Amino acid sequence: MAAINADPEVMRWIRDGSVRDEQQTRGGIQAWEREWESQGFGLFAVEIRSTGELAGFTGLSVPDFLPEVLPAVEVGWRLGRSHWGQGLATEAAAAAVRFGFEERGLERIVSITQVGNDASERIMTKLGMHPVRETVNPTGGRRVRVFELSSDQYGTTTR
Numbered sequence: 001m002a003a004i005n006a007d008p009e010v011m012r013w014i015r016d017g018s019v020r021d022e023q024q025t026r027g028g029i030q031a032w033e034r035e036w037e038s039q040g041f042g043l044f045a046v047e048i049r050s051t052g053e054l055a056g057f058t059g060l061s062v063p064d065f066l067p068e069v070l071p072a073v074e075v076g077w078r079l080g081r082s083h084w085g086q087g088l089a090t091e092a093a094a095a096a097v098r099f100g101f102e103e104r105g106l107e108r109i110v111s112i113t114q115v116g117n118d119a120s121e122r123i124m125t126k127l128g129m130h131p132v133r134e135t136v137n138p139t140g141g142r143r144v145r146v147f148e149l150s151s152d153q154y155g156t157t158t159r
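For the sequence shown, full-length UniProt numbering assigns the number 1 to the initial residue and increments by one for each residue that follows.
Keep in mind that the hints were calculated from the coordinates and are not lab data.
Quick caveat: nothing in here was measured; it's all calculated off a predicted structure.
Cβ atoms here follow ideal geometry from the backbone N, Cα and C, with glycine treated the same way.
If a hint is listed, it holds; no wrong ones were tucked in.
Simulated restraints on C-beta separations:
1) Thr51 x Glu107: 33 to 43 Å
2) Asp152 x Ser82: 29 to 39 Å
3) Thr156 x Gln30: 30 to 40 Å
4) Val62 x Val136: 17 to 27 Å
5) Gly105 x Asp7: 32 to 42 Å
6) Asp21 x Ser151: 35 to 45 Å
Please take these sequences and the hints and turn them into a complete structure.
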């Protein structure tokens, strides 16, 4: 995971675009573990079945970096560049959305991306999400789009 977080091309769409070192990555993983314990959901590794290689992560988290969308649960993903364009992010994020609605009983899931990140917007659209607002991410100062999917929409558009 540290190698993925250290890749400037991967990180250019994350918050302020800064890469993360190994210590920051470890801290992030510890935060994910705490979220699983406190919320009953969180982020999890995405691996390639045939090789066991770590491709990245996906999952659900509370987007506390963007208070104006709260209360909310966000589906997010981050894959290493060698795994882009293969449908892995869509497949993994769809599993996270399914878990959120079917196992955790969530009523709404959002996804947040920087304006211009067309690849992530395509994934959000494939998940059945639709844009609901554009705003500025206070932790990075960049414009972001918020997409949303309700449990009612999930039941009719994604199964």
